[in-house]
Amino acid sequence: MEDKDIFKFARTSPVPRQKRSIVVSPILIPENQRQPFPRDVGKVVDSDRPEGSKFRLTGKGVDQEPKGIFRINENTGSVSVTRTLDRETIATYQVSTGYLLTLCIKM
Numbered sequence: 004m005e006d007k008d009i010f011k012f013a014r015t016s017p018v019p020r021q022k023r024s025i026v027v028s029p030i031l032i033p034e035n036q037r038q039p040f041p042r043d044v045g046k047v048v049d050s051d052r053p054e055g056s057k058f059r060l061t062g063k064g065v066d067q068e069p070k071g072i073f074r075i076n077e078n079t080g081s082v083s084v085t086r087t088l089d090r091e092t093i094a095t096y097q098v099s100t101g102y103l104l105t106l107c108i109k110m
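In terms of this note's numbering, the sequence shown opens at residue 4 and continues consecutively.
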């Protein structure tokens with residue numbers, strides 16, 4: 004009986020994999036701040052970010068309830084808070100950041 008390769012895997016992936024992770028120290032935001040909002044609270048910087056990609060933010064206070072408290076400028080990485088925070092309601096928020104690759108397919 005002849006041995007044959009049953010499984011063949013491509014050596015390259017069409018979408019780059021993100022293997023590294025950076026742990027960031029907490030950003031302290033004073034509670035009960037007065038307007039004006041939105042107010043910048045930090046910035047995501049990634050020198051290895053592929054050209055044309057967009058920053059994104061996910062987690063509680065972004066795309067999970069309560070939604071819309073934090074947002075990110077998808078081009079610059081600037082993170083802002085959109086309203087007053089109350090520690091008695093929610094003591095901490097943990098959000099994750101990354102980037103989305105835009106793929107253009109022409110037919």
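Incorrect hints may appear among the rest.
With a straight-line Cα cutoff of 16 Å, these simulated EDC-like cross-link-like pairs (lysine to aspartate or glutamate) come out [stated by the list, open to error]: (1) K70 x E54; (2) K57 x D89; (3) K70 x D49; (4) K46 x E77.
Quick list of simulated restraints, FRET-style, between CB atoms [unchecked claim]: (5) S56 x N35: 21 to 29 Å; (6) E54 x R90: 37 to 45 Å; (7) R90 x D66: 15 to 23 Å.
Keep in mind the hints are simulated off the structure, nothing from the lab.
Cβ coordinates follow ideal geometry from the N, Cα and C atoms, glycine included.
Hint check:
no. : hint                  : result
1   : K70 x E54             : violated, 29 Å
2   : K57 x D89             : violated, 30 Å
3   : K70 x D49             : violated, 25 Å
4   : K46 x E77             : holds, 11 Å
5   : S56 x N35: 21 to 29 Å : violated, 36 Å
6   : E54 x R90: 37 to 45 Å : holds, 40 Å
7   : R90 x D66: 15 to 23 Å : holds, 22 Å
Hints 1, 2, 3 and 5 from the list above are not met by this structure, while the remaining hints are.
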